[in-house]
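> Sequence:
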Amino acid sequence: MLVIVIAVIISVNKFSFKKEYKPSAALADKLPRYRLIDMDNTGITGDADEDGINDQKDIMLGAKKQLENPAKNIFLEEGETNYYQGGDPPESLAIGEDIIARAFLEAGFSLKDLVYEDIKDNFDQYTLREIWNQAVCDPNIDYRRIQNLEIFFKRNAKVLDILFNASDDRNLSSWLPGDVIFFDMDRDGYSDNVGIISDNTTRDGVPKVIYNYIEPGYTVEKNILKEKIITGHYRFPK
Numbered sequence: 007m008l009v010i011v012i013a014v015i016i017s018v019n020k021f022s023f024k025k026e027y028k029p030s031a032a033l034a035d036k037l038p039r040y041r042l043i044d045m046d047n048t049g050i051t052g053d054a055d056e057d058g059i060n061d062q063k064d065i066m067l068g069a070k071k072q073l074e075n076p077a078k079n080i081f082l083e084e085g086e087t088n089y090y091q092g093g094d095p096p097e098s099l100a101i102g103e104d105i106i107a108r109a110f111l112e113a114g115f116s117l118k119d120l121v122y123e124d125i126k127d128n129f130d131q132y133t134l135r136e137i138w139n140q141a142v143c144d145p146n147i148d149y150r151r152i153q154n155l156e157i158f159f160k161r162n163a164k165v166l167d168i169l170f171n172a173s174d175d176r177n178l179s180s181w182l183p184g185d186v187i188f189f190d191m192d193r194d195g196y197s198d199n200v201g202i203i204s205d206n207t208t209r210d211g212v213p214k215v216i217y218n219y220i221e222p223g224y225t226v227e228k229n230i231l232k233e234k235i236i237t238g239h240y241r242f243p244k
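Sequence positions in the sequence shown follow the working numbering and run 7 to 244.
Since the hints were made in silico from the structure, they are not lab data. From the three backbone atoms N, C-alpha and C, an ideal C-beta is built for every residue, glycine too. Take the hints with a grain of salt, since some may be wrong.
[Unchecked claim] If you anchor each label on the Cβ, the simulated ranges turn out as follows:
1) F129 / Y89: 19 to 25 Å
2) D144 / G223: 45 to 51 Å
3) Y196 / N146: 21 to 27 Å
4) Q91 / D174: 20 to 26 Å
[Unchecked claim] Straight-line distance between alpha carbons at most 20 Å, and here's what the computed SDA-like set of lysine to any residue pairs gives:
5) K126 / N171
6) K232 / W138
7) K118 / I152
8) K126 / W138
9) K244 / E56
10) K214 / M191
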C-alpha cells in the first residue's frame, strides 16, 4: 500500500500543469472581437406590454422568435396574394414589413393600428395617392408597404445615422439590437427591404440583421450592414 502511495506522489510531482493561455498583445489585436450588448442597461426604460423587458429588447426578441420557423417570402409563392383580410399573412409567409410588424406586436405595439392612425390623421404626409392612387386608408395593407413604413418611422421614431463604420467603436455602439433598418437591396435608389438588428454579431463585432427578402427567400439573420446600402436607421419609440 505504501509503495502505491509513493508511486502516486512521484507521478503527480512529475506532471506539469499548463498555465492559463494568454495571447500576446500583438496576437490579441488580430483575434476576433465580440460585442456583447447588455440590453438591460442601455438607458431604455419603456415597456409597452409591461412584461418587465424594455421595448428595445422586446422588439429584438420578437424578431429573433421568427427565426425558429422561418417564413417563406410571399413573392416567391406562385399564385399567392399579398393582400390579406386582417392584414397579417399566414405565419408561414412574410415579406420584410411583416417581420417588423410581428416583432413589434411581441413588444406590445400594433404597427397596423399605429400606421393606420398616423395615415388617417396625416394623409397628405404619405404617398398613397401618388403611388397607389389610393384615396382612403386601408389598414389591411398600408402598414405592409415599405414607403408607408419609411414615412411612419421618420415621423414617429428616433432617426439615427445611416453611415455604418465597423472600425469606429463609437459608431458601432450606436447600432443597437432592436433598431429598424431600411435597405436598398437592388441599388436602384429606393428602399426595398427592412429588417431588425439582432444581438448576434459577426466575429469582428458587426451586428447581424433579421429580415425576409426574395434572396434567400425566407426569414434569415445575416451580416448585411457592411455590404448593403442603408437608407434608414430608426429606434422606436422616440
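> Go through the numbered hints given earlier and state which of them the structure violates, listing their numbers in rising order.
2, 4, 5, 6
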